[in-house]
Amino acid sequence: DAGITQSPRHKVTETGTPVTLRCHQTENHRYMYWYRQDPGHGLRLIHYSYGVKDTDKGEVSDGYSVSRSKTEDFLLTLESATSSQTSVYFCAIRGDSEMRQFFGPGTRLTVL
Amino acid sequence: DAKTTQPTSMDCAEGRAANLPCNHSTISGNEYVYWYRQIHSQGPQYIIHGLKNNETNEMASLIITEDRKSSTLILPHATLRDTAVYYCIVRVAGEDSNYQLIWGAGTKLIIKP
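These protein sequences, in sequence, are chains A and B.
Quick note on this note's numbering: the first sequence kicks off at 1 and runs consecutively.
Quick note on this note's numbering: the second sequence kicks off at 1 and runs consecutively.
Calculated directly from the structure, the hints in this document are not laboratory data.
Just so you know, these numbers come straight off a predicted model, no measurement behind them.
Any given hint could turn out to be false.
To be verified - Below, a sample of chain B positions facing chain A; criterion: calculated Cβ distance under 8 Å:
| # | residue |
| --- | --- |
| 1 | 40 |
| 2 | 42 |
| 3 | 43 |
| 4 | 46 |
| 5 | 87 |
| 6 | 101 |
| 7 | 104 |
| 8 | 105 |
As the list claims (entries may be wrong) - Label-pair restraints from in silico Cβ distances:
| # | chain 1 | residue 1 | chain 2 | residue 2 | range |
| --- | --- | --- | --- | --- | --- |
| 9 | A | 60 | B | 45 | 34 to 44 Å |
| 10 | B | 58 | A | 14 | 25 to 35 Å |
| 11 | B | 112 | A | 83 | 36 to 46 Å |
| 12 | A | 105 | B | 76 | 26 to 36 Å |
| 13 | A | 52 | B | 100 | 15 to 25 Å |
| 14 | A | 8 | B | 45 | 20 to 30 Å |
| 15 | A | 53 | B | 45 | 41 to 51 Å |
C-beta atoms are modelled at their ideal positions from N, C-alpha and C, and glycine is treated no differently.
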């Protein structure tokens, strides 16, 4: 399995507070992705990165920002969390010549 | 919106072949079909992908129709551990080697003893 971890694994926070989720990889892969998954649905892409300091928006990027200052870490920030951002967040990585994405274990975020 | 259509759920007996259908009638000529599965809220796991030809690996086989408008994932000898949600995904082409996966709701496959 690809070396990919997410932290924290679970978080409960209050509306209006900032939250940062971390994705860490040991594979030196170029591409990293943040998805969210809501009950009964597939994954939706929030942001992705195609290199250090190179990021772009996905289909549900409003309310989220990302940063990638080094290859191994991709941070997802909710500047002011809302209840609609309660979800499970998955990080994924992919190598340059890879056709498949490898997923982390997920972070369950609850915004009260 | 997702570009694929899958049944919401399916059952299969343990030890039998599980055949999961997927419709992707608007697929473009350079778009791949991917299959992932997700076991009980874990991170999704890659199964297989294909463009035109049928593909087989240690996990499954992928049969793509000649017109590419549909495909079938085959798990040859299903076990209880294959119970999961299976996602059929069309890979949207992007610049260079970048691309995005557009996920639907998937098929809940239940393997019964």
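Hints, verified against the model:
no.: 1; hint: 40; verdict: 11 Å, violated
no.: 2; hint: 42; verdict: 7 Å, holds
no.: 3; hint: 43; verdict: 3 Å, holds
no.: 4; hint: 46; verdict: 4 Å, holds
no.: 5; hint: 87; verdict: 6 Å, holds
no.: 6; hint: 101; verdict: 7 Å, holds
no.: 7; hint: 104; verdict: 5 Å, holds
no.: 8; hint: 105; verdict: 6 Å, holds
no.: 9; hint: 60/A - 45/B: 34 to 44 Å; verdict: 23 Å, violated
no.: 10; hint: 58/B - 14/A: 25 to 35 Å; verdict: 46 Å, violated
no.: 11; hint: 112/B - 83/A: 36 to 46 Å; verdict: 38 Å, holds
no.: 12; hint: 105/A - 76/B: 26 to 36 Å; verdict: 28 Å, holds
no.: 13; hint: 52/A - 100/B: 15 to 25 Å; verdict: 20 Å, holds
no.: 14; hint: 8/A - 45/B: 20 to 30 Å; verdict: 22 Å, holds
no.: 15; hint: 53/A - 45/B: 41 to 51 Å; verdict: 30 Å, violated
Checked against the numbered hints above, the structure violates hints 1, 9, 10, 15; every other hint is satisfied.
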